[in-house]
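Spelled out, the chains give:
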Amino acid sequence: MSTPFLSLRDLKVHFSTEDGIVKAVDGLSFDLEKGKTLGIVGESGSGKSVTNMAILGLHDPRNTTMDGEILLEGKELISASESELEKLRGNKMSMIFQDALASLSPYHTIGAQIAETYRKHTGASKKEARARAIEMLRRVGIPQPDVRVDDYPHQFSGGMRQRAMIAMALVCDPELLIADEPTTALDVTVQAQIMDLLKDLQQEFGTAIIFITHDLGVIADIADDVLVMYGGRCVERGTKKQVLSAPEHPYTLGLLNSMPSLDGPVDVPLSPIPGSPPSLLNPPSGCRFHPRCAFAEKVTDGRCSSERPKLEVAEGRGSACHLTVEQKRELFSDYAATRHN
Amino acid sequence: MTPATPSSAAPLEVTKEDSATSAKPGNPKGTESRSPGRLAWTRFKRDRTGVISAITVILFFVVGIAAPLIAKVYGKDPYTTYGMNIPGLFNEFNYPLKPNGGISSDFWFGIEPQLGRDVFTFLLYGIRNSLLIATAAALMTTLLGVVIGITAGYLGGKTDYFVGRVIDILLAFPQTLFFIAFWPVVMAIFVKPTDGTPVWLTVTSLILVMTAFGWASIARLLRGEVLALREREFVEAAKVTGASPARIIFKELLPNLWTPILIQATLLLPTYVTAEAGLAFLGVGLTDPTPDWGVMIQNGAKVYQDDITFMLFPGVAMVIFVVAFNLLGDSVRDALDPKTKR
Amino acid sequence: SSGGGGGNGTPSAGATSYTGAKVTIGTKADSTGPAPEIPGAKKGGTIYGLAPDDFSHLDPQRIYYAYNSTIALLLHRCLTGYKIDSSGHQKLVGDLATDTGTASKDNKTWTFTLKEGLKWEDGSELTVEDVRHGIERLWAPFVTESATYAQLALTGKGAKWRDAYEGPYKGKHLDAIVTDKAKRTITFHLAEPKPDFNFTLAMHSYAATPVKLDTKEKYDKAPVSAGPYKIKAHSIDKSMVLTRNKNWDPATDSIRNAYPDGFEFLFGVETLDSTDRLIADQGNDQYAVSIYKGVPAERIQKVLTDPQLKKRTFNGLLTGTYFYWINTKRVTDLKVRQALIHAWPLQQIRQIYGGPSAGDLASSILSPDIIGYEKSDVYGKLTKPAGDPEKAKALLKEAGKEGVKVVYAFPQDPTYLKTKVVIENALKAAGFTPVMKPVDSTSYYDQIQQINNSYDVMWGGWSPDWPTAYTMIEPLFDGAAIGNGQNNVSQTDISWINDAIKKTAVIADQTEAGKAWAALDKKIMTEVAPIIPETFTRRFYVYGSKVGGAQFDPNFSATLLYKTFVKA
Amino acid sequence: MSNTNPLLDVSGLTKHFPIKGGFPIRRTVGAVQAVDGLDFQVAEGESLGLVGESGCGKSTTGRLITRLLEPTGGKITYRGQDITHADRKGLAPIRSEIQMIFQDPYASLNPRQTVGKIISGPMEINGINPEGGREKRVRELLEIVGLNPEHYNRFPHEFSGGQRQRIGVARALALEPKLIVADEPVSALDVSIQAQVVNLLQKVQRELGIAFVFIAHDLAVVRHFSQRVAVMYLGKIVEIADRDDLYDNPRHPYTRALLSAVPEATVDAEPRERIRLVGDVPSPINPPSGCRFRTRCWKATEKCATEAPPLVQAEGNKPGHLTACHYPETADTVPAPRLSKDPEAAA
Amino acid sequence: MLRFLIRRTLGAAVILLIISALVFVLFYAAPRDPARLACGKVCTPETLALVKKNLGIDHSLPVQYWDWLKGLFVGRDYASFGHCDAPCLGYSFQNREPVLGTIEDRFPTTISLALGSALVFLVFGVGTGMLAAVKQGKALDKIASSASLIASSMQIYVIGVLATYLLVDQWHLMDRANYTPFTDDPGKWFTGLLVPWLVLSLIFTANYTRMTRSQMVESLSEDYVRTARAKGLSRRKVFFRFAWRGAMGPIITIFGLDLGTLLGGAIITESTFSLQGIGKLSVKAVNTNDLPMLLGVILVAAAAIVVFNIIVDAVYALIDPRVRLA
Ligand SMILES: Nc1ncnc2c1ncn2[C@@H]1O[C@H](COP(=O)(O)OP(=O)(O)OP(=O)(O)O)[C@@H](O)[C@H]1O
Ligand SMILES: Nc1ncnc2c1ncn2[C@@H]1O[C@H](COP(=O)(O)OP(=O)(O)OP(=O)(O)O)[C@@H](O)[C@H]1O
Ligand SMILES: [Mg+2]
Ligand SMILES: [Mg+2]
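Taken in sequence, the protein lines are chains B, A, U, W and R. Throughout the first sequence, residue numbering follows my numbering, covering 1 to 341 in sequence. Throughout the second sequence, residue numbering follows my numbering, covering 342 to 683 in sequence. Throughout the third sequence, residue numbering follows my numbering, covering 684 to 1251 in sequence. Throughout the fourth sequence, residue numbering follows my numbering, covering 1252 to 1598 in sequence. Throughout the fifth sequence, residue numbering follows my numbering, covering 1599 to 1924 in sequence.
Check each hint, because a few of them may be wrong.
Unchecked claim - Subject to a maximum C-alpha distance of 25 Å in a straight line, what follows is the list of computed SDA-like cross-link-like pairs (lysine to any residue):
1. Lys-1639/R x Lys-1088/U
2. Lys-921/U x Thr-1781/R
3. Lys-1271/W x His-1770/R
4. Lys-915/U x Asp-1675/R
5. Lys-36/B x Asp-60/B
6. Lys-1340/W x Leu-595/A
7. Lys-499/A x Thr-1517/W
8. Lys-199/B x Ile-1395/W
9. Lys-985/U x Lys-1733/R
10. Lys-328/B x Thr-1517/W
11. Lys-853/U x Leu-1646/R
12. Lys-1185/U x Gln-1132/U
13. Lys-1835/R x Asp-60/B
14. Lys-994/U x Lys-592/A
15. Lys-592/A x Arg-1525/W
16. Lys-1736/R x Lys-92/B
17. Lys-1454/W x Ala-112/B
18. Lys-36/B x His-14/B
19. Lys-904/U x Tyr-1763/R
20. Lys-899/U x Asp-1683/R
21. Lys-439/A x Lys-993/U
22. Lys-499/A x Tyr-1763/R
23. Lys-840/U x Lys-1088/U
24. Lys-1736/R x Lys-439/A
25. Lys-1088/U x Leu-542/A
26. Lys-1111/U x Leu-595/A
27. Lys-1550/W x Gly-1530/W
28. Lys-1733/R x His-14/B
29. Lys-592/A x Thr-1517/W
30. Lys-1650/R x Thr-831/U
31. Lys-126/B x Asp-1782/R
32. Lys-92/B x Ala-112/B
Quick caveat, the hints were computed from the structure, so don't treat them as lab data.
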């Protein structure tokens, strides 16, 4: 196998705050190929955004320590200089942020913000860049792009803003696109529009996409591979089908079970995951999920609370859990039964 | 019986040192409760600049409050014209004979040129009076601004409109000019022509006038804060349960406004200390026989060429105080509101 | 001129030999120009004048305050004037007039003859009509600030003098003044005898104003000069530039030298600031003088202890006396008034003013530059200047008024707030119950000049309008001068004083008169004790290093501008 | 159907927010027609779900029912009592009976009050003195909502989002209400936590017999929680029906589109028909004439532009299933076309 | 925009009207008589009445105010000054000059002082503030912050005299404070105002340093700044084009208000340096009970504040496209 397009090796991102060290990402690895979409799911605070901001090198070096490797086409990014990163950002790799209103400068027109990126990386003239901006807006489905190009973000609706964000991220035809919960704040109808758009664009350009969300439904819609994060670590990964229909980690299973569906039974209570997400300041020892895990006592010697489970990945499939395969098969099927009657 | 709950004024504790013992009883089974005020206090304690500034500021207040006591121990008062009464202290021009402004074991900070009062006690009393005025004015300004601002913000409608216009007018006033122009008016209202102007009256009117002009900006700020807070869901939650406007203002809104209020108050105090000095320069406020920090500096500025010492003590003290208080203000702000870093 | 408005009396000084100017009456020869040359003086250059305020009036008829007179000396000319020698002695001489005038036996008719060659700045001739016009203008409704001595003397109607004449602008002249254009004479027919009327006419209120060039109200901004300089530019409250008046003939003027080609006055420079500028002595400040304000107390030490600096100073006593009025209608007991005088801490007060150099202690009403001044010290204040609380206590006891409440009023001004401290201490020590009452300094005189005011002792001062005692004793102690806005603040209405004033005022020989006034001074102090004399204030002036001829104007307590010159 | 004696009866409910402007004197120049003539009932113990896109007026409806807002028109009747324009005093007796749960678990709790105070506050205001004292009752409530009663003295910031939402529920329960308006109570929560709260609410509804107006934009959650569901679009109810009716047999095109846009976390199930709506909800300041959905509807005709469809029981509907559409969908309608993405067409 | 301006101007006019009425009432509430001061040393009741008539204050208070107001629009005739053209602010009691003329004469000084020092404190304040924001937490940040704080806690009348003594008199580094019109001699204008500029800006600089720093720190943490970085823009560009743009608003607001206040006269500074501006004029008007002048300067000062309020709002709308003027 040749070197993967993007590869993270044991990434650690720690923040020093006045309350102590926040281990936001604590040993994360994954690979991503071109033209593929990796969906990252996880609860709020599980380190999804931190991971991806780390790829772009956007963390403030004053309070952040990064460890491990981030390789983009074999090139190490953690140790890369700021000017090297500047050349990559917005060009080879770009990012769509969750809150489009806050993430777009309120002081500049949409067009200017898109054109600026283009000019920076291609050295195009103002006129060319503007034409490019209009073209991008048209491509993401903004009506009357030649007029709206001179609007300010606050004049756009939520969905249009998100599309403008996408246009901005794609203006230099990046090879890697990171979409950080691009649809979470949007209505389902708009969300569907955006996801269609992303899929189309990927088909057209073969972009590698990292799609962050905490909604498994969205993952099911868009991703090829899925990575489930919990407390700054990857607890499970595999193809969409593998993860969603045969989860190997109790957390993934819990997530799936706790989701109400449009066609399931309605009179039984949902099966939530008890407890609340872990603190990253004082994370639980061993497996970070063990305080909420329904099967923790099934593992002998209290290993769940003392020993960090390894993430064994074989052919892109793996999970970090002390339960044996047999145990899982047995225990999980019960739960699965309660889900689909 | 309702259990002891931290009072709504809890955040105020951050400025007091003796709050460390509160909140311990009534905390069942070690579930330690950390009120927002307590958290701020913890943050504040960690801030070295803040603590040093706080100590400095407290020192000034202690010195001011204890001025009569200190003067007694020291054995002098700020009114006696020692330089004139005791031969050998002054030269023929009424400047201290000894170098460095006449500093000696008797007169620690020297003696005042011309009148010959003791600089040390005079400074103590000056600090006392200035701090009294500034503190009282800052408190009253804040109080008035808070009450008006919150009321206008919460009630909205006509009240808000009216208050808003009054604020507009007040803020359009050239304030210093107004002070100097209408100070005599204020005094004339209160003093019978046959009576001397008692010092307390000067002080009171100064406080009143400063308050009258100062409240507007605080009120405006708080009005804005209330407008924002009013939309918060917990206010609606209170409304849904039938809470009266008074209850909402005092129990729901006010506790959440302590942060801006405290910040404003800490900004106000040093401003008032210097403003009071500036006004004294323009002839408004306390005048010479009553010890006043600002008047002292101003007199010092006149004689500095011959006796720099006399300007140095009050001047340096003022710089230290204002700087310390501003730094303290910053620290308080950081502690209360850690997100917005200065 | 009188005690100045409000609280600007901060004096300062230093021990020198100067003890007040002698005043004499000059002869016709003294009145004949040109003025004697000053050794070393040369023509040319510009002298700069610094002052906190602009002149409030330039129209001579509206000039009364001494400060305005300092410029009036350069622009306006009266029938008489004072010729001042280098030691500060003054002589009354004829200015426009050939001499100091001729009085009739009864002192009710005064005749003056104009010199020849007198011209206005436009070259037109200055005639007796212009002199008369200047006096008639005093009746114009816009002239409200002038001295009133001549008006009173000419009409004899007292305060109703305005009713006697409707002013010059309705075509009529004042009957009491007769002019003869051909003979160049002007004759005043007074309603009452005035042996010192020629002193009165030296006041700038009585300067000549050209009939043809009179612009009425507007004249105040642009007067026509008859003096050695004329106004070239005037930016009100900021600056004023004077240039030579080519039509002024030195031969007609025995008083004024005019060496500089011009003057430039800069207004709005506070006293401390101007003093520092003069001390620093840089640029144009080397050619600068302070027009009116002396060195403030804060800089006296610096100025007097630096020998280089001290060389650049002159000083003089102010014309008047500073004292404290005792309201005799409220403090009716003579013993209490005497106790007050005994208790008063003169020395401490002067210390605050700046020590011995700030002035001489006063013990009488009249000041040293008054004709006939005699030192008298009825209450031994000069031997016990710090106050004699024992004696005061004893007197109070005698009067049975121990612990009596005394309300002391003073202008709210840094200096008097300081003297208040020592006065309060002294009064307490002497067994009084003092009430200290600061009064807004801008309206201080208004308030104490209300006859029904509620003050017992009031700070104040008085300067004579010319150096005879009449102008001190009459306004201060004549029963007729009691009234709102009048100067008999002590409210003494005692027949023997009133009579003595009337009698003494008509003594023709000013030396004789002087003696009589001095005796009256002593008698008033002894038997009535209506004031507490405080100081004869001394003022120091610094001037730039390139200024020559700077000397004190004993008459207006200022820099004598027309004697200055630019050093080569 | 319990329409005979509903707990809450809303008819023609309207709320227009005035827009100020004009020159030189400010006046009202227009209105945001946030809610425009709603009719629905809530029976005792029943849960009515209210779904719709952002800005369609769901929250406004909730706030009108709880009388946080003054209705512009229409009528709100609670247990036969007209409370449309009741003032604070008039509302006092029923204040304890209608309560609210809010969306934002951070903004809805006063950060300066302890949990105990937050929950006992409503009792204090309404003068309720339960047996054993308020503190005891608060501890009970905390237990009911699944929190540690010992957390009585803690401050909201010491709790996670889900826990905070439980505090909000406890506060609403403190007054033993008959009706709770829950405005997106779980939208701000993580999936894993969301289920906890939904379960809690369900428990509360069932065990205490409390009626709910459950506002949400997540159709799956609403389906799980509500017996009846109303779909709103731009200030109007476009469809209201029993749960199964609505989800299985949506008659309004908008309902259909909405249902089809929900992503499902299943990979093996055969993909549902997809309807992609284009564009955004139009502005409520100038809502489209006639049927408000027509600008995004693939079936719109002339008639839709001129005639506003009434909310009626369309042909083929079960009783109580009301639809406001001129051309309601039928079960066997061919799947709607995947709409062209030509933006111009939508604008 | 035009509507906004018209509406706000009307509002401003009302405010100024109220202020002038207030000044009138308050002025006469004091136990002082402006006529008495103008009346001179021998002030008999007859003379006093004459003076009152001359000054135009021989009527009741409301009539006086009405006369004054009318004068503003149609001019006014005085017994002793003659006609005064509209807009007539009256004649000064003190120097009997038209108030408007005097104010016009003094205004350039105040404008020069205000603008010059504003430039100085803007450049220094904002400059150090930005520097401090870049070097957050580093020594430079701390030095800049504390130095500006110390400077701002000094009193102008102290620093003013000290600066003059040292810079001018002792070391001969700068010229003595003095106003020369720019049109006369730009060089002298500059050197004459340098010391007051520096001293006056001292107290402001710290404020701007602190404000700029905090605004920059805040806006550097904005999401859209992060976006700008994610686009690959250089630090410099991110800093100036994005962060600074966001920080500008509040700074400009405060700056406008400060400038408005300064244009009403920097009273203490002008007094300390003997500069003949509006501030000094106003102190003199107070000290001489000069009602027309006082009214004039208060109105000018208030107008400056009000006008700058409007300007600030307008500028804000220009900077921030989200703000709509109503
Ligand atoms: N600059 C920072 N300093 C300190 N802590 C940080 C910083 N940035 C993020 N964190 C912490 O790191 C953890 C992970 O944050 P992250 O933003 O990656 O979560 P997320 O998975 O993206 O969550 P969400 O779904 O809410 O976006 C959180 O606990 C957050 O508080
Ligand atoms: N106080 C108000 N003043 C003016 N307009 C308002 C006000 N409150 C709401 N609106 C407007 O009314 C419309 C409906 O708002 P509402 O909050 O009810 O929507 P919603 O359905 O709850 O949306 P979301 O899902 O975003 O919460 C929106 O267009 C909103 O902008
Ligand atoms: Mg995130
Ligand atoms: Mg809502």
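Checked hints:
Annotation: proposed proximity of Lys-1639/R to Lys-1088/U is violated, straight-line Cα distance about 31 Å (limit 25 Å). Restraint check for Lys-921/U and Thr-1781/R: the C-alpha separation of about 17 Å stays at or below 25 Å, so the hint holds. The hinted pair formed by Lys-1271/W and His-1770/R fails the criterion: a straight-line CA distance of about 62 Å is larger than 25 Å. Annotation: proposed proximity of Lys-915/U to Asp-1675/R is violated, straight-line Cα distance about 29 Å (limit 25 Å).
Between Lys-36/B and Asp-60/B the alpha-carbon distance is near 29 Å, which puts this suggested pair outside the 25 Å criterion. Distance hint between Lys-1340/W and Leu-595/A is fulfilled; the C-alpha atoms sit about 24 Å from each other, no more than 25 Å. Of the pairs offered as hints, the one joining Lys-499/A and Thr-1517/W is violated, with about 57 Å between alpha carbons and a cut-off of 25 Å exceeded. Between Lys-199/B and Ile-1395/W, the direct Cα distance comes to roughly 46 Å. Violation of the 25 Å bound is thereby established for this hinted pair.
With a C-alpha separation of about 48 Å, the suggested pairing of Lys-985/U with Lys-1733/R is violated against the 25 Å cut-off. The suggested pairing of Lys-328/B with Thr-1517/W holds, with an alpha-carbon distance near 20 Å, which does not exceed 25 Å. In summary, the hint linking Lys-853/U to Leu-1646/R is supported, as the alpha carbons are separated by about 23 Å, within the 25 Å threshold. Taking the CA atoms of Lys-1185/U and Gln-1132/U, the gap is about 23 Å. The hint holds against a cut of 25 Å.
Restraint check for Lys-1835/R and Asp-60/B: the C-alpha separation of about 17 Å stays at or below 25 Å, so the hint holds. Taken as a hint, the Lys-994/U and Lys-592/A pair is broken in the structure, with Cα atoms around 75 Å apart against an allowance of 25 Å. The suggested pairing of Lys-592/A with Arg-1525/W is violated, with an alpha-carbon distance near 51 Å, which exceeds 25 Å. Distance check on the hinted pair: Lys-1736/R and Lys-92/B sit about 34 Å apart at the alpha-carbon level, beyond 25 Å; violated.
Taken as a hint, the Lys-1454/W and Ala-112/B pair is broken in the structure, with Cα atoms around 53 Å apart against an allowance of 25 Å. Between Lys-36/B and His-14/B, the direct Cα distance comes to roughly 28 Å. Violation of the 25 Å bound is thereby established for this hinted pair. A threshold of 25 Å between alpha carbons decides the hint, and for Lys-904/U with Tyr-1763/R the separation of about 36 Å lies outside it, so the pair is violated. Between the alpha carbons of Lys-899/U and Asp-1683/R the distance comes to roughly 20 Å, so the proposed pair stays at or under 25 Å and holds.
In summary, the hint linking Lys-439/A to Lys-993/U is supported, as the alpha carbons are separated by about 23 Å, within the 25 Å threshold. With a C-alpha separation of about 56 Å, the suggested pairing of Lys-499/A with Tyr-1763/R is violated against the 25 Å cut-off. Proposed proximity of Lys-840/U and Lys-1088/U is contradicted: the alpha carbons are some 41 Å apart, above 25 Å. Proximity of Lys-1736/R to Lys-439/A is assessed by CA-CA distance (about 45 Å); at most 25 Å being required, the pair is judged violated.
A distance of roughly 22 Å separates the Cα atoms of Lys-1088/U and Leu-542/A; the hinted pair therefore holds under the 25 Å criterion. Distance check on the hinted pair: Lys-1111/U and Leu-595/A sit about 53 Å apart at the alpha-carbon level, beyond 25 Å; violated. Taking the CA atoms of Lys-1550/W and Gly-1530/W, the gap is near 16 Å; set against the 25 Å cutoff, the hint holds. Distance hint between Lys-1733/R and His-14/B is fulfilled; the C-alpha atoms sit about 22 Å from each other, no more than 25 Å.
The suggested pairing of Lys-592/A with Thr-1517/W is violated, with an alpha-carbon distance near 49 Å, which exceeds 25 Å. Using a Cα cut-off of 25 Å, the hinted pair Lys-1650/R and Thr-831/U holds, with the two alpha carbons roughly 19 Å apart. With a C-alpha separation of about 46 Å, the suggested pair Lys-126/B and Asp-1782/R falls outside the 25 Å cut-off, and the hint is violated. Pair hint Lys-92/B plus Ala-112/B holds up; C-alpha atoms about 20 Å apart against a cutoff of 25 Å.
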